[in-house]
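In terms of my numbering, the sequence shown opens at residue 69 and continues consecutively.
Misleading hints may appear alongside valid ones.
Okay, the calculated beta carbon distance ranges per label pair [unchecked claim]: (1) Asp157 - Gly81: 21 to 29 Å; (2) Glu217 - Ser110: 17 to 25 Å; (3) Arg128 - Gly299: 39 to 47 Å; (4) Ser123 - Glu147: 20 to 28 Å; (5) Ser123 - Ala101: 17 to 25 Å; (6) Arg128 - Asp157: 26 to 34 Å; (7) Ser234 - Asp157: 21 to 29 Å.
FYI, nobody ran anything at the bench for these hints, they're computed from the structure.
We put the beta carbon where it would ideally sit given N, CA and C, even for glycine.
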Amino acid sequence: VLVCQLVLAVSAGAADHYVRSDAPAGGDGSDWANAWTQLPTSLVRDDTYYVAEGSYPGYRFDDPPSGDRYITIRKATKEDHGTDTGWQDAFGDGQAAFGPLRFATDYWKFDGVTGAGKNGPSYGFRVARESYQGVARSQLITIHGPAREALSFIEIRHAEVPNGGSEYDIPQYNIYVLGGSNITVADNYIYNGSSNMLIRSWQNCIIERNYFGGNWSSSNNHGQQISPGGGCEDIVLRHNVFADSRVYAVG
Numbered sequence: 069v070l071v072c073q074l075v076l077a078v079s080a081g082a083a084d085h086y087v088r089s090d091a092p093a094g095g096d097g098s099d100w101a102n103a104w105t106q107l108p109t110s111l112v113r114d115d116t117y118y119v120a121e122g123s124y125p126g127y128r129f130d131d132p133p134s135g136d137r138y139i140t141i142r143k144a145t146k147e148d149h150g151t152d153t154g155w156q157d158a159f160g161d162g163q164a165a166f167g168p169l170r171f172a173t174d175y176w177k178f179d180g181v182t183g184a185g186k187n188g189p190s191y192g193f194r195v196a197r198e199s200y201q202g203v204a205r206s207q208l209i210t211i212h213g214p215a216r217e218a219l220s221f222i223e224i225r226h227a228e229v230p231n232g233g234s235e236y237d238i239p240q241y242n243i244y245v246l247g248g249s250n251i252t253v254a255d256n257y258i259y260n261g262s263s264n265m266l267i268r269s270w271q272n273c274i275i276e277r278n279y280f281g282g283n284w285s286s287s288n289n290h291g292q293q294i295s296p297g298g299g300c301e302d303i304v305l306r307h308n309v310f311a312d313s314r315v316y317a318v319g
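Taking the hints into account, I'd like the entire structure generated from these sequences.
This is the structure we're talking about:
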């Protein structure tokens, strides 16, 4: 007698969660009426976190990877906001503004959904520093592991990322990446840093349709729009705008 047993592994379906800065305290993130007021400490793989307009603190994205399962942080819009429960169109009108962000593990999608060119308010996400008092070095989006190891499969899209400009003569890196592969930086407005983007040891990455503007340089801080270092290869650089470059566009 031959007995065959078929075992089907069924994983729980991906879920949507909701974040709104002016939501009542004590929400569980299950809909817009019960939204969290900021991203929770732990996030779930395969899930999407819709974020309404408002101001949010900086965040460290460090949940352990699980195979090729992404976590998606997505700006809520009138057209795409998950559940309608508790939704008001005003939640999608403005930007969701974050403090500095750190990606410390693989497989993330951070997507502001809207925005183009140098129209800052048109971008769904904004990542910026509120104050430079006492700051010796300003990194707005940092991508590397806890021991500075390379990371993979991260997407940064539709974000306005402004640094402090030459008024603050400190190292300013809007996007700072120490090693990585399969990273995409697309459709962002990145400006006012000494180096608007610093990349080291990048392979198989894409930089496309971004607007790089207003970099600066001083005797203390050499400026360039994109600063590539050793170990960079197979990078696609296409359809970007480099405006008001004070020293180098790429160098």
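Item to complete: Go ahead and decide if the range 39 to 47 Å is satisfied by the Cβ distance of Arg128 to Gly299.
Response: Since the Cβ atoms of Arg128 and Gly299 sit about 25 Å apart, the hinted range of 39 to 47 Å is violated.
Item to complete: Take a look at whether the Cβ-Cβ distance between Arg128 and Asp157 falls inside 26 to 34 Å.
Response: Hint holds: Cβ distance 31 Å, inside 26 to 34 Å.
Discussion item. Assuming the hint says 21 to 29 Å, is it satisfied by the Cβ distance from Asp157 to Gly81 or not?
Written reply: 27 Å, holds
Fill in: Status of the given 21 to 29 Å range, CB of Asp157 versus CB of Ser234
Cβ of Ser234 to Cβ of Asp157: about 39 Å, so the range 21 to 29 Å is violated.
Worksheet entry | Ser123 versus Glu147 beta-carbon gap, inside 20 to 28 Å or not | 23 Å, holds
Discussion item. Verify the CB-CB distance for Ser123 and Ala101 against the hinted window 17 to 25 Å.
Written reply: 20 Å, holds
Worksheet item: Honestly, do Glu217 and Ser110 meet the 17 to 25 Å range at C-beta?
Response: 21 Å, holds
Of the numbered hints stated above, those contradicted by the structure are hints 3, 7, listed in ascending order.
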